[in-house]
Every structure is written in structure tokens, then in C-alpha cells.
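Engineer: Just so we're aligned, residue 1 is where the sequence shown starts under my numbering, counting upward by one.
Honestly, the hints are just simulated from the structure, not real lab data.
We put the beta carbon where it would ideally sit given N, CA and C, even for glycine.
One or more of the hints may lead you astray.
Computed list of lysine to aspartate or glutamate pairs in EDC-like fashion (alpha-carbon distance at most 20 Å, straight line) [said to hold, decoys possible]:
#1 Lys313 with Asp266
#2 Lys103 with Asp149
#3 Lys145 with Asp165
#4 Lys325 with Asp275
#5 Lys83 with Glu70
#6 Lys325 with Asp242
#7 Lys83 with Glu114
#8 Lys234 with Asp335
#9 Lys313 with Asp76
#10 Lys234 with Glu208
#11 Lys124 with Asp165
#12 Lys279 with Glu309
#13 Lys325 with Asp183
#14 Lys146 with Glu114
#15 Lys304 with Asp176
#16 Lys146 with Asp191
#17 Lys53 with Asp183
#18 Lys53 with Glu85
#19 Lys145 with Asp191
#20 Lys258 with Asp183
#21 Lys286 with Glu207
#22 Lys196 with Asp275
#23 Lys196 with Glu114
Computed spacing ranges between beta-carbons, pair by pair [said to hold, decoys possible]:
#24 Pro193 with Gln239: 29 to 37 Å
#25 Gln239 with Ala119: 42 to 50 Å
#26 Glu207 with Glu166: 54 to 62 Å
#27 Arg182 with Gly206: 51 to 59 Å
#28 Ala327 with Ser221: 19 to 27 Å
#29 Gly206 with Arg129: 16 to 24 Å
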Amino acid sequence: MKPSTFAGLIVATVVVGALAVTAYQVNNRVARPKASGTPLVANLASRGQQVAKIEIRQGDGGITLARGPEGWYLADRGGYPAKTEPVKALLVRLAEADLVEPKTRVPDRFGLLELEDPATKGAKSRLVRLLGEKGNTIAEVIVGKKRVDAFGASRAGTYVRRPGDEQTWLASADIDASANVRDWVQAAVLDLPLAKVNAVTVSVPGEEPLKITRDAAGGPSPKFNLAGLPEDKKLKEGQSVDAIARSASTLDLDDVRKADTSAQPDAGTVTIESDGGLKVVLALRKAGDDTWATVTATGDGDAKAQAEEITKKTAGWEYKLPSGKAAGLLKRRADLVEGS
1 MKPSTFAGLI VATVVVGALA VTAYQVNNRV ARPKASGTPL VANLASRGQQ VAKIEIRQGD
61 GGITLARGPE GWYLADRGGY PAKTEPVKAL LVRLAEADLV EPKTRVPDRF GLLELEDPAT
121 KGAKSRLVRL LGEKGNTIAE VIVGKKRVDA FGASRAGTYV RRPGDEQTWL ASADIDASAN
181 VRDWVQAAVL DLPLAKVNAV TVSVPGEEPL KITRDAAGGP SPKFNLAGLP EDKKLKEGQS
241 VDAIARSAST LDLDDVRKAD TSAQPDAGTV TIESDGGLKV VLALRKAGDD TWATVTATGD
301 GDAKAQAEEI TKKTAGWEYK LPSGKAAGLL KRRADLVEGS
């Protein structure tokens with residue numbers, strides 16, 4: 001046999017062998033049986049109606065959901081109404097989840113799966129506790145990060161472990177257990193059509209109020225003007241009163257609590273006037289680095305029903321604004337106008 005032919009056979013043998021090993025590895029991975037079929041929470045499907053409260057803790061924050069006669073609500077936020085869908089989804093996913101693949105038992109590696117101690121400051125893990133009517137514990141589980149496509153296309157799994165147990169697992173469910181309030185409630189507090197907003201007035205303590213009016217041209221995406229702007233003045237480059245009007249017309253919450261009726265709007269007020277006579281006032285106040293707002297709506301004629309609808313939702317509540325929202329609203333003339 002020629003040396004070149006012999007060398008070719010060796011190469012072919014190596015290639016075929018490598019392909020065989022690769023094929024075995026792929027097939028073995030795909031066909032690998034479940035490491036465990038143990039339910040994450042035993043018999044939860046039959047005990048779901050016994051769950052009266054859900055606690056989710058992450059670092060120094062968290063939420064408590066409770067079941068009431070009219071549905072779920074935030075027990076630690078004064079009883080603010082919660083959406084039913086995400087609560088139901090959480091319970092269903094916990095009931096369906098099986099422990100299918102054991103992972104690390106080394107505590108120093110828990111953070112890689114976001115399964116570290118949930119009480120630790122800055123923790124990404126979340127402790128989920130399901131409680132009964134009398135405060136009895138139905139289930140406890142630490143929920144970590146998701147593993148996308150863990151069980152095929154569009155089938156995610158979630159890393160979990162039980163409190164006090166060093167064994168971590170990949171569970172066969174896509175578990176959403178956010179500790180953020182906005183993920184459990186209707187986050188949109190106010191949503192006024194921009195095309196119907198005809199004026200926005202921004203009042204900051206110690207500053208001249210800014211009034212922004214809709215351009216006469218109107219349209220679905222109207223332009224706004226700063227009222228009283230002298231002809232020899234112009235807005236600073238990069239500043240736009242359109243952005244203020246857009247920001248004022250919508251309000252999403254980051255958190256919610258019972259309103260303090262004795263508190264003063266020390267940060268300022270934003271008044272939105274809409275076609276038809278609707279007037280909405282956002283009263284803003286500072287609490288540390290956060291800004292909170294109460295919402296008041298009034299209106300006559302066609303706007304009365306809309307005002308009542310807004311009031312029904314917002315009366316007695318105070319909403320924490322998303323980061324940067326207050327700065328986008330509470331503009332001073334010096335912020336907008338050159339030479340002011």
C-alpha cells in the first residue's frame with residue numbers, strides 16, 4: 001500500500017470516528033432520560049384553592065399577594081388590585097413543574113444559576129412562599145434564572161432549589177416570579193390620547209409656571225408650543241416641549257401605596273387639559289430619591305364620565321414614577337429657553 005493511500009485511510013478513519021462520537025453525544029443528549037420526575041411542589045394542582053397568600057422576596061424588597069372576595073390584591077400595598085392572569089400563571093407553572101436535572105450542590109456556584117440566598121442585598125434569586133388561610137406554609141421554593149429552549153424550541157426551563165437544600169435543579173417550567181409591583185398590576189395609570197391634549201402646565205415651586213399649548217394644526221401627532229416665548233428667544237438645542245406633552249399624557253407606575261392626604265406636592269404639579277373639558281392634575285412629591293404622584297381628574301359634560309373613570313381607579317393612591325419620568329416633566333424655563 002502506498003504511504004499516501006495509508007495516510008488517507010487514517011484520516012478517513014479519524015473523521016468517521018469523530019463523526020460517530022459527535023452523533024452519539026448529540027443523540028445521547030437528546031434522548032437522555034429525566035434525572036427525576038419529582039414534582040417541584042407536590043399535589044399543588046389539587047391544593048391550589050388553598051393558597052390564600054403568595055410572598056415573593058428578593059433582597060430587601062418584595063411583594064405580598066393575597067386572595068380576596070373580589071380577586072387578588074397587593075396585601076403589602078394597601079390592598080391595591082392585582083391582575084389575575086399572572087397569579088394564575090405562577091400557580092399553574094409551579095404545579096406543572098418537575099425536577100428534571102440535578103445541577104450544582106456547591107453554594108459558591110449558586111449565583112451562576114441565580115439561586116443564591118434571596119435575602120442577600122442585590123440578590124437575583126427570589127423566594128416564593130405559598131401560604132394558606134391561617135398562614136400555614138403550603139410550599140417554598142427559590143426561583144433562579146431561566147434556561148431558554150431547555151426542552152426544545154420555545155420551551156424554557158427554570159433553575160430552582162428548596163430553601164435549606166443545597167441541591168439545585170433545572171425544573172420543567174417557565175416560572176415568572178417577579179418581585180416588581182408593575183408585573184402584577186395594571187401598570188398604566190393614565191393614558192390620554194396626545195391628539196386630544198390641548199395644554200399642559202408645569203408648576204415647580206419657586207419657578208414661573210410653564211404652559212405648553214397644542215399647535216393649531218392639530219393632527220394625530222400634534223406639535224406643541226411654549227406659551228409666552230418671546231420672538232427673540234428660542235428653545236435650547238435638544239430641548240422639546242413636545243416631549244413634555246407626551247410624557248404628561250401617559251403615566252405608568254413603578255410602585256404604589258396609599259396616599260398621604262396631608263402631604264404637600266413639594267416637587268411640583270403638572271396639569272393636563274384635554275378636549276371636551278377634561279382636566280387631570282398630577283401632584284408630585286419627593287421621598288428620598290423617588291418621586292411619587294397623586295392623580296386628580298375633573299370634567300363636565302362629555303368629560304365627566306372620563307374623569308369619574310380615572311378617579312375611580314386613582315383616588316386614594318399614590319404612584320411611584322419610573323426613573324427619569326419626573327425629570328422629563330418638571331422642566332424649568334431655564335432648562336428649555338436660551339438665555340433664561
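Engineer: Against the structure, test the hints numbered earlier, and report the numbers of the ones violated in rising order.
Structural biologist: Of the numbered hints given earlier, those the structure breaks are 1, 4, 7, 15, 16, 19, 23, 24, 27 and 29, listed in rising order.
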